[in-house]
Amino acid sequence: MKITLKVWRQKNIQSKGQFETYQVEANEHMSFLEMMDVLNESLIAEKKDPVSFEHDCREGICGTCNMVINGQPHGPMKGTTVCQLHMRSFKDGDTIVVEPWRAKAFPLVKDLVVDRSAFDRIIQAGGYVSVNTGQAQDANAIPIEKDTASDAFDAATCIGCGACVAACPNASAMLFTSAKVSHLAQLPQGKVESKKRVQAMVNQMDDEGFGMCSNVGACEAECPKEISIENIALMNREYFGSVVGSETSV
Amino acid sequence: MELKSNVPEGALAEKWTKYRSTMNLVAPNNKRRIDIIVVGTGLAGASAAATLGELGYNVKAFTFHDSPRRAHSIAAQGGINAAKNYQNDGDSVYRLFYDTIKGGDYRSREANVHRLAEASRNIIDQCVAQGVPFAREYGGLLANRSFGGVQVSRTFYARGQTGQQLLLGAYQALSRQISLGNVEMYNRHEMLDLVKIDGKARGIIARNLLNGKLERFAAHCVVLATGGYGNVFYLSTNAMGSNVTAAWRAVRRGALMANPCFTQIHPTCIPVSGDYQSKLTLMSESLRNDGRVWVPKKKEDAEAIRNGQKTGLDIAEDDRDYYLERRYPAFGNLVPRDVASRAAKIECDKGHGVSPTGLAVFLDFAAAIERYGKSRAHSLGLHNPNAAKIRELGEKVVEEKYGNLFQMYEKITGENPYKMPMKIYPAVHYTMGGLWVDYNLETNVPGLFALGEANFSDHGANRLGASALMQGLADGYFVIPYTIGQFLSKEIRTPSISPDHEAFATAEEHTREQLQKLINVKGNQSVESFHRRLGKIIWDYCGMSRSAEGLTKARQMVRELREEFWKDVFVPGDMDEFNPELEKAARVADFMELGELMIIDALDRNESCGGHFREEYQTPEGEALRNDKDYTYVAAWEWDDNDPVLHKEELQFDNVELKTRSYK
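Those sequence lines, one after another, are chains H and Z.
Using this note's numbering, read the first sequence as starting at 4 and increasing by one per residue.
Using this note's numbering, read the second sequence as starting at 51 and increasing by one per residue.
Next comes chain Z alone, as it looks inside the complex (with noise of 0.2 Å):
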């Protein structure tokens, strides 16, 4: 199989501009008889059905929610990129599309990062004219943050809550569309097939999760904007619904997966606690701003911190190592999240961590909170103020930055942060692999769309942080609108598709039978104990480093829990009912089969990039070796259950050189 990438002939600042000026459009009165399926509704789902609505087709919107405004991208806290350039730094289009290639260690498709870092700046438009209220200065003009990987301010914020604010504004475009009735909105309603029609996308099949009826949805063409696979790993900064189910029933009909392998794995997190724990949460990256992340020099002084002899507050500056400003200079504590987790997992093993089980590091505030203090004081005419009122007005100035986020770690851990400092550990919080794209976000199988997430191509091997909102929408309000003519206006005269045509019949059959056998196990063990144990062997061998013989062992350890999951699973209940252990159950069946495709990826690329990390292949100073002369490639997986095929794009660096990635 020839893999296309369609991106367009032509100067790369030039592509989009132009080709957007010439591809084929559908004409008005078409739009109106063309039917299309958007399943999934976070940032990338809700702004394209809302934005395809607008533009006069006939949407269905689907999510397994029982609402659109559930989706995760409303827990992403720190912020979205826009080369907006308001804080006159340097920043450009240019220097947004250059940070994303260079963060990603060059393994994603430059058209497409040119042209995502060009929309970006329609984006922080488009959700200001929404009513998004986006941090501001005293002025009435936005204000903007710095996040790892850059050397700008670039970043556009709501407090912690960003995801939040921007989910809500695509989420009230979309009910605006769902009123106008260019959009049907599907709420509890979980994707469990493709449906394809003479080798096109053509609908889906649907589990109605309050009656567990299976319908049939049937369209011209498919979206799937459904996030990523994080939840392969059981503990993860993910909401524990976010699952690989849909884009993985795509690849199970032929869709290719990409570069499954790429996970990234987020610095800042809270540490795990305990066996019984559900979920790890996120602490944004934007503290990287103002905290600095540091081990106590003396594995003695760690060991105190263990036992709980002593704390962060008793070691003297001088016995503190801050590493990350140790080993890169030039971009300390915002070097980007690959980096800076694999230089906490470093200290820990070696035996500086902090927290009982060894694996957390300090994240401190209290060198921001007096510079910050002491700011403060001098605007408001105080001097001479004494130390306790300096840590107070610092400590305000803090809490006005990142209030909840120190109200959440509160909760969680039950300790003071503006008192002590943060413990935090890395945690998989986002995947770059997914669904393999050609320039116009399509798959390879004709009329299948990939949006957000749950595609491969802007991050290459590392996101960016504030770069996943900024994917979601605009692939959702400033790609998928145009691209998707170049499929539908080829199909102006489809008629409407049928569900009653036997591929609908066919498939709903094949996952009605698959919902029963799992039902028919009738086994022992229970759906969470078997992805639990999943995701251990993920992340033992398929985590933060690899190695050619773990991944080997693990590939037969997934394949045996696997069989082992088929023969003694048990699923409580019925098919036809409200059965939220069937769900998660379908779910876990498919994390398997992706768990050992990723391990499978992981093998095949000897190298390291970005956050896939093999342990034969690093520098004398432990730092990633890329291997540009044999993995400048996108490796595409077609689903096998004995032996995944794999199609090669070769990716193409026609203005920007590939370069070993410095932050030092």
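This is chain H alone, in the form it adopts within the complex (with noise of 0.2 Å):
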């Protein structure tokens, strides 16, 4: 299949960035990214620059690969990453635009690279259990049930792509934070220190300069891994909760 793509080229943050279009032959049975590889094999033996992008495990659990697709974050298949995207979604002859992530959070490296290290701030500011090595009991002292358990689970299981973000039309990072607070929690141990962990990733996560909640929904319909909105409403609740019975200001 033959394929008209437009790249967004930039060399770095200080230059101006712009499309660049490419002719590329594909098969439908190639993923994404193994196209874009044709793409950089051809760019290389005519000597030219290769389009840098992102890409690692490219079996969609690293949470590395990030493009925008025909304005959509990871491509047109629902709950799908980039890597695990193949052109048999795509038609012989189609154009396809692919474009980073755009948040002022995370700042262009080059190409299609961004920076997300706002993400590990956002974790380091309070999302983790504060349990040292060594000093927990047996596994199976408390028991969790069952479906407490998945619904933690479900939450626990982002990659941290910065796909919400990138939907969003606010470029707010709550899917994420959210994600997070509620996978901690909804465990009993991590809600020992829930209310703390939820006001220090918020604030954290407003520091970064994300954008604001308008419960646009955007960000769910685009995760590739479909963390239900229903974790921001979860930590909304838990947010307000913290504020009013806690004793520090926020």
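It is worth saying that the hints were derived from the structure and are not from the lab.
Even for Gly, the Cβ is constructed at its ideal location relative to N, Cα and C.
Honestly, I wouldn't trust all of these hints.
Claimed, not checked - Some, not all, of what chain Z presents toward chain H, calculated at C-beta under 8 Å:
| id | residue |
| --- | --- |
| 1 | Arg119 |
| 2 | Tyr136 |
| 3 | Ile174 |
| 4 | Gln180 |
| 5 | Glu578 |
Assemble the dimeric complex from its two separately framed chains, guided by the hints.
In structure tokens form, the structure reads like this:
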């Protein structure tokens, strides 16, 4: 199949970027990234600069790959990362527009590569249980209801790719942050420090320059792991609960 | 060079407890003055950095990824073993130890493996305390499943995303230490050289991948937790970025590489479909709990399937050969990986393969769907449910257990595995070989430690499923925090190491020259094309089956390819900028050298054991034929470009009798 690609090229954050157009010969069994490999091999053969894009596991779990394809983070397939998107989702002769995540809190590095370390700092602010190695009691000491464990798991499957931010018109990181808040708040081990956690994480999220949530719901729609927007509601409850019941000012 | 394993004296089951209670400690006030570098933030690296930070050391942690959470441990699917015996099915520390030694075909170190089995129990406790959402039963207690090579259920899991959940647990523990200031985190920094001062590991040279600058980092010791080298094969289940560079640069500075030819070919991966393919995807071994492996008995059926005239569903029950169940009745579909992989290769080589390339067998869930459907109908109180209802209920149970794997399969192949049997074929997955370490996980270079997949110590010639996560976390959470004290207790008078020392200047200059050399070749072929060719040579001659003749030829081919690489590779861009092609080029250059060493190691080992199958050494039934008299040793190689030097560590088995491994 013949594909026309319009790819965002930008040398670095200081320089101005623009779309470049390329023709690629692909086949339907290729993954989208393998099609990008074909493009890069042809650019290298012409001694040109290949398109920088991030990728690693290529099985949809590491959260490294990130491209906005025809306006949608991770492209048209629901619940699918770019690396798991295959060319059979496109037609011969299609024109495909490829852009980086665009958000103030994710500064551009080069072409399609952005810096998502703001997510790390949100986790560092409180996305953990304060337990040192060696302090744990027996794993079966606290039974946890199967459904509760399963709900916590659903929230914990977030891969930290940032599609929620890229999808949001406000570039809000509420879905990412709430997924961690919700994962830990639902488990007895994480409940203990949940008030402190939610405040610290929300404050850090604001400091990083992510926007406010205005209940658009694009984050949930584009999330490759289909993390539910209900987590945001849970985080809001946790947050207001922590403020009302808290002695510290926020 | 004499290799001292430093295994403590005493009875096997008491060694670790006693050693741990009597080893040298570093006092809290001294810990604050000691710097430790940890390279890699997968399960082993993140757990080590977090725990060492908790203890009060100054830790600097490094990853080439944009975040520590991206490490490839995240992709582990099936589970983590632990000798909890929660199922009351006869499990114990000894049994886990024994299964691991036997599974590794008697080529690992007894004392290390026993310690691993002991630590396994603490890992599950620790992870639950961190909030890892393991699968649970209705009573609220933890669930288990079985993996290959064992007859108990000791595998803990979080759907098909166990690695992800364990890594996020370790990442969160690490994040907490970063926020407390105990760990300084360096994302997008790739280690390119090890710096030694007076023979001891004292720092690294790392390249800041964002701007290309070389930076010096000094410490009292260096811990490598940089994973395995499966990507030497180009096509593997490893992530695209997984590489041997940090470990290999240590080898070039004198560390020994042990048993590099011990590589694991995983039996259940999605088959190769075309030349453009960049990686292979694993289908978790846990699927063999419920999936039955088969090929058509008749070659004409196999051919019809290959041509697309028939599908697996058209083959009658009597015309199917469930070859694992037939050949290995005691373990059936749950034989260890090396055995299952070889069996698949044999069937395909005989012409029974079921994909257009001829390289695939079926993994079929129809029987499990029916069994679970009936059982679920029964528990719902449905009497005489029809076949469609049973199927519907059964598919639901299978989805609960393996949903994300089935979904992944469908995305990649475009086929629905609930309706059609999966097609699978073996692929490179893990490397048992790695840096040689003693009982303290210290390499032969004083002050240089290696953890997790990066070392060689626990899995012998074949790793059992769900044991990689166990080893990574055991090393990081429960071994290195103790054993590192054996080295550091002697360093409390050593002042901070200065990165201005001339050893750093020399190493930095050397690294710069290497990178510049790659850029200066300015040839005509891409890095990727060389990597592909290297992988093909290693797969063809040093993969699932090996022979002296093939290996000898392959060594020559790799040498020639390396020469061609340095004459004709094209690396675009410059050193002092963000340049992923340059990163890749440096890694492929290292793979070329490692690949040759793997071949040399495979040639040296005139026996078949675990994942190392030499065609010359097999039983009449085609099983691996070990030679315990001559090869019960760890082959630790000192790199020399012309002729690597072999150092042997004889393995002693005081507790386990060496037997022919049988799963029949």
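Structure-based check of all given hints:
no.: 1; hint: Arg119; in the structure: holds (6 Å)
no.: 2; hint: Tyr136; in the structure: holds (6 Å)
no.: 3; hint: Ile174; in the structure: holds (5 Å)
no.: 4; hint: Gln180; in the structure: holds (5 Å)
no.: 5; hint: Glu578; in the structure: holds (6 Å)
In summary, the structure agrees with every hint in the numbered list given earlier.
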